[in-house]
Every structure is written in structure tokens, then in C-alpha cells.
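S.K.: Here's the letter readout for the chains.
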Amino acid sequence: MTKAKPPKGLKGWAQGRSLWMLHFCTGCGAIEMPPTMTSRYDMERFGITPMATPRQADLLLITGYLTVKTLKRVIRSYEQMPEPKYVVGFGSCTVNGGMYWDSYNTIKRLDLYLPIDLYIAGCMPRPEAIIDGFTELIEGIKKGKFDGWIRYKENLEYYKRNQAMVMDIRKWSLDAELAERIWNEVQEERRKRFERATVKHVYELAERIPEGLPK
Amino acid sequence: MNGKNEIIREFEYFIGPQHPGITGNFSIKLKAKGDVILEAEARPGYLHRGFEKLMEQRHWIKNVPMVCRICVPDPDPNEVLYAMGVEELAGLEVPERAQWIRVMVLEMSRIQAHLSYLGGISGALGLYTAPQWMTGDRDYLLDRFEELTGARVYHIYTTPGGVRRDLPEGFEDRLRETLDYIEKRLTDYYRLIFDNPVFQKRTIGVGTMDPDWAIENGVTGPNLRACGIKADVRIDDPYLVYDQIEFEVPTETGCDMFSRAMIRFQEIQQSINIVRQVLDRMPKGPFLNKPGNPLMWRVPAGDVYVRVESSKGEFGYYIVSDGGVKPYRVHVRGPSMTHGIHVIETLLVGQRVADVSPIMFSLDICPPDIDR
Amino acid sequence: MNAVGLNITWIIFMPILVIIIGLFYLGAARKITARIQNRYGPPIYQNIIDVIKLFSKKNPTNHGVMFSLGPVMAFSGMLISLLFIPIGNKALLSFNGDIIVLLYLLVIAPLGMALGVGEGGNPMGTIGIARALTLMLGYEVVLVISIISVILYTGSASFMEIIKMQSGGVGHWFIWPLFLSALAMDMALQGMLGEKPFDQPVAPHEVASGPMVEFGGKYLGLLQLYHAIGIVVETGIFVNLFLGGGTLFWWFVKSFAVFFVALLINAVMPRFRIGQAFAFFWTYPAAIGLIGLILVAILK
Amino acid sequence: MSLEKEQKVVDLIKVSFEDAEAEIQRERRVKVKVAPNRVFPLVAYLKGNGFKHFVAISAVDWIRDGEIELVYHLWNYDEKVHVMIKTRVPRDGGSMPTLKPLFNQAETYERDIHEFFGVHFEGNEKLDREFILEDWDGPPPMRKDFDTRLFSAEFYDQEDLESEALRLKIQPYKGHLKK
Numbered sequence: 000m001t002k003a004k005p006p007k008g009l010k011g012w013a014q015g016r017s018l019w020m021l022h023f024c025t026g027c028g029a030i031e032m033p034p035t036m037t038s039r040y041d042m043e044r045f046g047i048t049p050m051a052t053p054r055q056a057d058l059l060l061i062t063g064y065l066t067v068k069t070l071k072r073v074i075r076s077y078e079q080m081p082e083p084k085y086v087v088g089f090g091s092c093t094v095n096g097g098m099y100w101d102s103y104n105t106i107k108r109l110d111l112y113l114p115i116d117l118y119i120a121g122c123m124p125r126p127e128a129i130i131d132g133f134t135e136l137i138e139g140i141k142k143g144k145f146d147g148w149i150r151y152k153e154n155l156e157y158y159k160r161n162q163a164m165v166m167d168i169r170k171w172s173l174d175a176e177l178a179e180r181i182w183n184e185v186q187e188e189r190r191k192r193f194e195r196a197t198v199k200h201v202y203e204l205a206e207r208i209p210e211g212l213p214k
Numbered sequence: 000m001n002g003k004n005e006i007i008r009e010f011e012y013f014i015g016p017q018h019p020g021i022t023g024n025f026s027i028k029l030k031a032k033g034d035v036i037l038e039a040e041a042r043p044g045y046l047h048r049g050f051e052k053l054m055e056q057r058h059w060i061k062n063v064p065m066v067c068r069i070c071v072p073d074p075d076p077n078e079v080l081y082a083m084g085v086e087e088l089a090g091l092e093v094p095e096r097a098q099w100i101r102v103m104v105l106e107m108s109r110i111q112a113h114l115s116y117l118g119g120i121s122g123a124l125g126l127y128t129a130p131q132w133m134t135g136d137r138d139y140l141l142d143r144f145e146e147l148t149g150a151r152v153y154h155i156y157t158t159p160g161g162v163r164r165d166l167p168e169g170f171e172d173r174l175r176e177t178l179d180y181i182e183k184r185l186t187d188y189y190r191l192i193f194d195n196p197v198f199q200k201r202t203i204g205v206g207t208m209d210p211d212w213a214i215e216n217g218v219t220g221p222n223l224r225a226c227g228i229k230a231d232v233r234i235d236d237p238y239l240v241y242d243q244i245e246f247e248v249p250t251e252t253g254c255d256m257f258s259r260a261m262i263r264f265q266e267i268q269q270s271i272n273i274v275r276q277v278l279d280r281m282p283k284g285p286f287l288n289k290p291g292n293p294l295m296w297r298v299p300a301g302d303v304y305v306r307v308e309s310s311k312g313e314f315g316y317y318i319v320s321d322g323g324v325k326p327y328r329v330h331v332r333g334p335s336m337t338h339g340i341h342v343i344e345t346l347l348v349g350q351r352v353a354d355v356s357p358i359m360f361s362l363d364i365c366p367p368d369i370d371r
Numbered sequence: 000m001n002a003v004g005l006n007i008t009w010i011i012f013m014p015i016l017v018i019i020i021g022l023f024y025l026g027a028a029r030k031i032t033a034r035i036q037n038r039y040g041p042p043i044y045q046n047i048i049d050v051i052k053l054f055s056k057k058n059p060t061n062h063g064v065m066f067s068l069g070p071v072m073a074f075s076g077m078l079i080s081l082l083f084i085p086i087g088n089k090a091l092l093s094f095n096g097d098i099i100v101l102l103y104l105l106v107i108a109p110l111g112m113a114l115g116v117g118e119g120g121n122p123m124g125t126i127g128i129a130r131a132l133t134l135m136l137g138y139e140v141v142l143v144i145s146i147i148s149v150i151l152y153t154g155s156a157s158f159m160e161i162i163k164m165q166s167g168g169v170g171h172w173f174i175w176p177l178f179l180s181a182l183a184m185d186m187a188l189q190g191m192l193g194e195k196p197f198d199q200p201v202a203p204h205e206v207a208s209g210p211m212v213e214f215g216g217k218y219l220g221l222l223q224l225y226h227a228i229g230i231v232v233e234t235g236i237f238v239n240l241f242l243g244g245g246t247l248f249w250w251f252v253k254s255f256a257v258f259f260v261a262l263l264i265n266a267v268m269p270r271f272r273i274g275q276a277f278a279f280f281w282t283y284p285a286a287i288g289l290i291g292l293i294l295v296a297i298l299k
Numbered sequence: 000m001s002l003e004k005e006q007k008v009v010d011l012i013k014v015s016f017e018d019a020e021a022e023i024q025r026e027r028r029v030k031v032k033v034a035p036n037r038v039f040p041l042v043a044y045l046k047g048n049g050f051k052h053f054v055a056i057s058a059v060d061w062i063r064d065g066e067i068e069l070v071y072h073l074w075n076y077d078e079k080v081h082v083m084i085k086t087r088v089p090r091d092g093g094s095m096p097t098l099k100p101l102f103n104q105a106e107t108y109e110r111d112i113h114e115f116f117g118v119h120f121e122g123n124e125k126l127d128r129e130f131i132l133e134d135w136d137g138p139p140p141m142r143k144d145f146d147t148r149l150f151s152a153e154f155y156d157q158e159d160l161e162s163e164a165l166r167l168k169i170q171p172y173k174g175h176l177k178k
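Those sequence lines, one after another, are chains A, B, C and D. Using numbering that gives the first Met the number 0, the letters of the first sequence map in sequence onto residues 0 to 214. Using numbering that gives the first Met the number 0, the letters of the second sequence map in sequence onto residues 0 to 371. Using numbering that gives the first Met the number 0, the letters of the third sequence map in sequence onto residues 0 to 299. Using numbering that gives the first Met the number 0, the letters of the fourth sequence map in sequence onto residues 0 to 178.
So that you can see chain A by itself, here it is in the shape it has in the complex (with noise of 0.2 Å):
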């Protein structure tokens, strides 16, 4: 079996050329969507279009943190998508869980559940910062560069597997097989760490305050 590639020459530029992103808003990113669209930025110059379902789209945005409910619609869009299919993740809350690093329903590390092509940081990224990473997605595609959803076929057990651990992939997976196998695999460890997780925690009575700081 050769190794699948990234589309390069005329299929690659014309994948550069025209990106379809799905409309999907999963967070405060999206709120820097519109003006980028819209009159003052015009991403349409660049051939990005909304598109509003994931079968006709090429460009995943995940604008923003992800609550584990969004991740399995997400994941499900993702996988519904034709190839070849690219995923940019915008703001600090994709790369390592941003300013919700201690909430009880956000991930942390996106590309952990999902190969991410390029990251926009910011919290959240202006639009002339999302302009850029699009121009940078645009030539690496033109290039061949970009080759996510290869990852993501090559290493599906890692990946299925990373999702398995917080959440249900069974309901959420279009290849049920291999979702019910992990699944079913991962429970043991799953169930422990969940144990570890919701330890009850002693409420102190006594004051909350950092050791070693002055009075």
C-alpha cells in the first residue's frame, strides 16, 4: 500500500484556492468570525466561503475551547467531511486549554483528539491575525504541506482511543466496529481515572490563602 499523499500541482492549488469552511462556532472565536468575513477584512478574497454542511466542506475552524458535549458533534462533522479536510484551531484554549485550564468540561489539548494543521493563537485571535493563518494555510496547501487527515487515518486507534477517555466515541464514531472495540478497551483505565478524578474533597475551614506570602 503506498503512502497517501497531499494533493500537490493543479488539484493542490485549486484545494488552496477555494476553502470551504464549516460553519460551525464552537466558542468565543467565533465572535471575530463575522468581521473577518464581512466588509472589513473580506475573507471571501481568498476563496473562503461558509458552507453549511460538512459533507461540502474542506476547512473545520474550532474557534475556541471545546466542551467535551461540542467535541463529539465536532468529531462527528470532522469525520463526515470529504478529504482532503483541514482543521485550524483558533485561540489559546485549543493549544493548551488557555484560561478554562481547570474546568471540569473542557479539554485541554486539541490535537490530542483531532490532527490540527495550524494553530492561530490569541484569546481570541484578531481578524487580521486569522487572515494571516489562513494566507500561511493557503500556501502550505498549494505546497502539499498540510496532511491532517492522513494522520488522522494512519494513527485512528490513537485517536479514537485519546476521545475514548472522555467521552462516549460509540454513539459519535462513523466506524462503529472500531469504536465499540476501543471503547470496551479503555473502560478499565477510564473508570480509574474517574475514580482519581472525584476523590470528595475536604472542604478546609481554614482560609484559602497561599502559603509564603506576606501578611
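Any given hint could be a false lead.
Claimed, not checked - As a list, the in silico DSSO-like pairs of lysine-lysine whose alpha-carbon atoms are at most 27 Å apart:
no., chain 1, residue 1, chain 2, residue 2
1, D, K46, B, K229
2, C, K30, A, K4
3, C, K89, C, K30
4, D, K99, D, K32
5, C, K30, A, K170
6, D, K99, D, K79
7, C, K57, A, K10
8, D, K125, D, K4
9, B, K289, B, K325
10, C, K57, C, K217
11, C, K217, A, K144
12, A, K7, C, K57
13, B, K28, D, K79
14, A, K10, C, K30
15, B, K61, A, K199
16, A, K4, C, K217
Calculated from the structure, these hints are not laboratory results.
Since the structure of chain A is already known, use the hints to place chains B, C and D on it.
M.R.: The following block gives chains B, C and D in isolation, referenced to the frame of chain A:
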């Protein structure tokens, strides 16, 4: 009922979270017969970050950057609310100038939120030129915000004790220019949106609610004023210096989508007037009363409920302190908690599938403040 | 022999030409809309890139034979209708009554889509195609009324003959004597082109992208081509009936002018609800068309 | 500043509910403390007396007392007075009658509190439906004995996932850094 009508199939389907006709990340499960909706169930929770829990983990001052993230399209009321609540608990004096600046920031935030609202509802009806124009013009206001606070959307500008910094030099003139520009554009918007026969046809008499029903079901803000009830937190429960400012509270009697859009349109004009008044009458003086070492600052035990009028309705914080360096509990009462769950579930019944998205946009539902 | 050879060249060359020009129409539409919206807009050849990209996509989802036949049927139905439209004073199939045949052929495309969408099983697609067929029922009536008044006026049901009768300058175009019918047909055209306020079938905020909701990759590419030909065919009917056809260059200029008017209306209008759109077609345009028809019948 | 209208509200409550402890917090704010079983009649009484706007229900976990405090906020549009009705239910197995018959939107807040604090509301039919959390088997997360930092560190534990990613050489594209 049986017999002939059975040909019409009953559908059950989801609008959202991955759907263009949804404000933010939200979903509605619909049961429809043919084109008529029989039952709607709102399903929030896609944006739940556990804000109230996270705020208990952080010091009083460290929560300031967090709170503005609660409502993404209109973040400033959150900052002001949190600051007001903490000040009331701690008995912290706010300088006169800071209060005027806060009013200005709140009203600027209202203008930009209403502009994106009008863009949103016309976009939901297919009039794509309106969102393009309005988001473009809203950006000029965001530029002023950036100049004042350093950020476009999340300003983190209001802190307990005042505001983070004073107005930059020449800011007032530039803000006036921007306001003049937006005021000039209002005529264009009126002609594009409200004079449009198709827009009128789609919105007048659609998504109506009864005024008494609206009050009892927790409808607040512009949505309530569109039912002809003159209720505004700025007047009823005055905060900051709103009792010294002259402004009108517009009301409409249609109770439908058109009135709800019209109210917002008129409020933009009112907010422009308020900002102008603030610029004229703002006193000189200090702008921040620092509360001391933020890591050590204790707020006396007690509880307080504060509310402001945000662009979406009544925003309220219930803050409890046990005398520690961190809040004991903060409860956020967002206006969308009622608009987005109970009100929309009731309004959608009997409507057409085509009207789901416009009705949702017309109520100005902000999912992050439901989920928190 | 020579004429047959020319015809064969034309039959190969013309659809390609029409597709490319149709895609440029779509690109120009995006550019013009962008200018109205104070934007720069995509390059005018953007839709050609889109189609290349769509055809280079791998493994689009397939829901069965009928699902893949849907776009093919839509595309080929539109392609056959193209053969009956005289472009630049040259028609491949021309006989008395070709207008009537064309009316039948135009229905094939939506029906093909309906079969494919039904196989897809997405409720959004089903609603979308139901709306498309309802809308068709609305504008077809107006279209038929306008065409009957032209046939009544000329006494011929052949495009080529109607074009010949209009030769001899702007003053001879049928848009002047048959103004009311032309107006009614232009309104119907807005619905045929799927421009606002009649874009209910594909309304993104209501039914995602309607019939296209399940189609991706090659299927969507084929639908884009179908749409590109559709614009030329639909504006072409108007050009041939009311604007006097013309040489190849002028024919496309006229056809684009008709499209341009539709675009301007599209840019400043929200969309009707489907019931309202249907009611609209059966009141104003139908009334105008009927008055036009009666006037023709009386004055003739 | 005069507190006449606030005093009037306090008197109004005292007339019918002798066991309620009502006090004026400040201008336009009145606090009332009642027993859990008196909340429903009190809210119904206030609703009949002009408190038409049901603002919200807040819950506070007083873990040291082993109780959860529920605060019902009501607002009067005519008098412009805000009343907070406070009541306490036990943390374990606490139950309250639902306010749905009085105010429809109370249902939403009750679902919210049920999910985040584990308080049961009798008569609320939608209580069993998932509201904001999905597939959550842990304790109610807003309670004080749930430690979100521990949960986040343990449940979203990344160290072994990251080392596995390094072994598989799964890395995001970094070409733009080389410029």
C-alpha cells in the same frame, strides 16, 4: 383528524449545533408535521465551562478577566456587574469619573451588540447585505474600544474600584466622529431593513407573545419593551449615574419580530445620545480607587444581588462572600436563561420551520450565558 | 456535409463554452454582490477553481445508485434543454413547437434532484426539494402565461422564427409590444434562477443548503455545472423571446444583463417564506401576465 | 434616603407570614428567610401582590452547615423592589416543591440547580432530562466537595497521551516557524 391528513409525515430533526441558523453554539430539537412545528425542545450546554465553579477558585481581582467571557457578543455588562457587586460587598468607593466612563463603555457595548443583532436577524431572513454593512460599521466602534482598553472584544476594563485606565488623549473627538458616522448610517439601515416589503412581510405578526405572558415568563429587556411595557433596569433600579442622564426608553406595541428589531434600532439612537451626554458632562478627577494587594484583599462576608440592563435584557449577579480572599459563590443570571429555553420553546410551537432561525435571532439569545 | 460537420463541432464546443461562461457568470455574481456589500470580493474566476477542487475531492459520501444518479440526471436534463436554446442565432434542434418541448425538459432537472435527495434521507434535503418543487409550481404558471402570449402574438412556437421576427434593431424587440408579458416573465425568472426573494430551496439559515445538503465532492461539482448551465438557459429564454437573440457576443451580453438585474434585486431582498412566495407568484406576476395575454388577444 | 416602600413590603410579608424573618438590605432590596415548606405559599402570595417578575433561583452550598441555601429572587415592576427569599435544605437528599405552577420559567432554574447541586424538586417533570451536562456520572459539580482542579488534572491527564504522540511522531505542522 385521521384519514386524509395522515399523508403528512411527522419529522423530527435537530437544528444545530452545526447549523448556520443558530446564534452561537446551541441546538433545538423540533418535531414538525409537514412545515408546522408541533414541539420544540431547546438543548443548551455546548458552551458550559463551569464559570461559577472557576470563579470560586480565583481571587476576587483575578475573576475580572474571566467574567467578560460569559456573554460573548456583549461582554461589558458582566465586568461592570461583577465590579459593582464586589464594591457593594466591600464598601469600596468608586470615583465619580469612573462611573461616567463605565456608562460610556456600557452604552458603546450596547450599540455594537445591537448592530450585530440587526445584522443577525436580517441575515437569518436572507438579507445578507445588512450584516455585511453593519459588521463593517461595528468595527469602527471596536477600534474605539481598542484605543480605550487595548482589546477589541474582551476589554477587561472595569475592575472593582473604577476603571483600568483613563481616556487617551483625543479619544473624545474620535469617538464623536465614529458616533456621527454610525448615526448617519442609521438612515441607510432603516431603508434597507425596515422599509423592505419582504422584511415586513416576514416579520410583522410572527413570533408574537402576550404582554402579560411575557412578564410572568421572565422576558426582560428589549424583548419586553417590544410588548409595550416600559421596563428598563436603568430607570427602575438605577445604577452608576444613569439617574443623572436624560434618555428615552423606546417601546413598541407589536410584540412580534418586527417590533423587537425596531426597539433595538431605536435604542442605538438613544445610546448614541447617552454617550454624547457622557462626553459632555464627564467630570475630571481620579478614575481608580485601588483596593490594595489583590492577593490579600478580603471582602467582608455578605451577599448581594446586582443587575444591569444589557443589550439582551436583565443581567444579574448574585455574589456571596464568606470573608475570604475568593468569592464563595457567584451566580450569573443571564437574560437568555429564560429567553433561550422556556420562551423560545413556547414561541416556536405552531410556527413554520422557516421561521425558527429568525425567531431565535429576534429574541437575541446568547447561548454562552445560558451555559456559563 | 459541411453543415453537418459544423453542427458536430458546435455540439461539442457549445456546452463547454456555456459551462465556462456560466461559471464566469457565477463568479461575476459573487463579485458584484461583494461590491454592493462594500467588499472586495473573490476573483471572477473563483467558481472555476471551486469546480476543479470539487472534482479533485476523494470519497464523497454515497447513499446508493439513485443518490448518484440525481445530480447526473439534473445535469443531463439541463444539458438537453440547452440544445433547444438558440445561442448566437444558431440552434441545434429547431422546429415549430420547440418552446413547448423546452418547458417539459426544464422539469427533468428538479425531478432528478428530488429522486437523489430522497435517497439521501436528510430531512433538510427533503424539505429543500419540496420547496423547490412548490416554487416551480408557482413560477411555471407565470412562465407559461408569458410564453403563450408570445406564441399568440407571433403565431409561431419556434425560437428561431421568433428571433427572426425581432431582427432589425432594438425597436423590433418584443419587449416593447409585449411589455407586460416580459415583466411577468422577468419576475418568474427571479424564481427560476433561485435568487432572493425566491431562494427558499437552498436557504442556509433554514434548511442548511437544502437539496445539496448531502452532496459533496464530485456530486456537488456536477451540481455547480448544472447551476452554471441553468443560468444561461434560463436567461437565454428571456433573451430569445423578448430581446431578439443576437450574435454570439451580443447574445451573452444580453443574457448577462438579464442576470444582472436579477442580481441587484437579490442583493437587497430578504427571502419570502415558501407559502408567501407561492402566493406572490400566483397574484402579481400572474395577474400582469394575464393582462398582457388579454391585451395581445384583443389587439391581435 | 427613605425606605418607605421597602418597609411596606416587609410589613406585607409580616402580616401573613409571621415566621418569616424579613429585613431591608438596602434601597430596593429586601431579604426574607423562611422554612422550605413556606416558600411556595410565600411566592404565591407575593405574586398576587405585584411581584410578577421571577428573576432567578440561586443556590449556595454551605458545606460547613451541611445545607444548601436556595435564594428565590422576585422583582416588582410597579413598586420597584427586589425580594430575595432564602431557604435552606439539607445537602443530602434535600428536596423542594417546584414553583412551576406559579412561574413557568422556574422549571429551567430548577433543572439547572438539580444538575449542579443535586437538589431534588418535587413535581418538576423535566428534572430527569439532561440539561447542560451530558453523560456526566460524577458528583454535582458546583458542590464545594467537588474539586475542579483535581478533576481537570486527573481526568484530562495528558502526560501519557503526549508521550505516545511523540512516539508516533504526530506533530502539528511547524513549517511556518522555520521562516
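S.K.: So which of the earlier hints does this model not fit?
M.R.: Violated hints (numbers, rising): 2, 3, 5, 8 and 13; every other hint is consistent with the structure.
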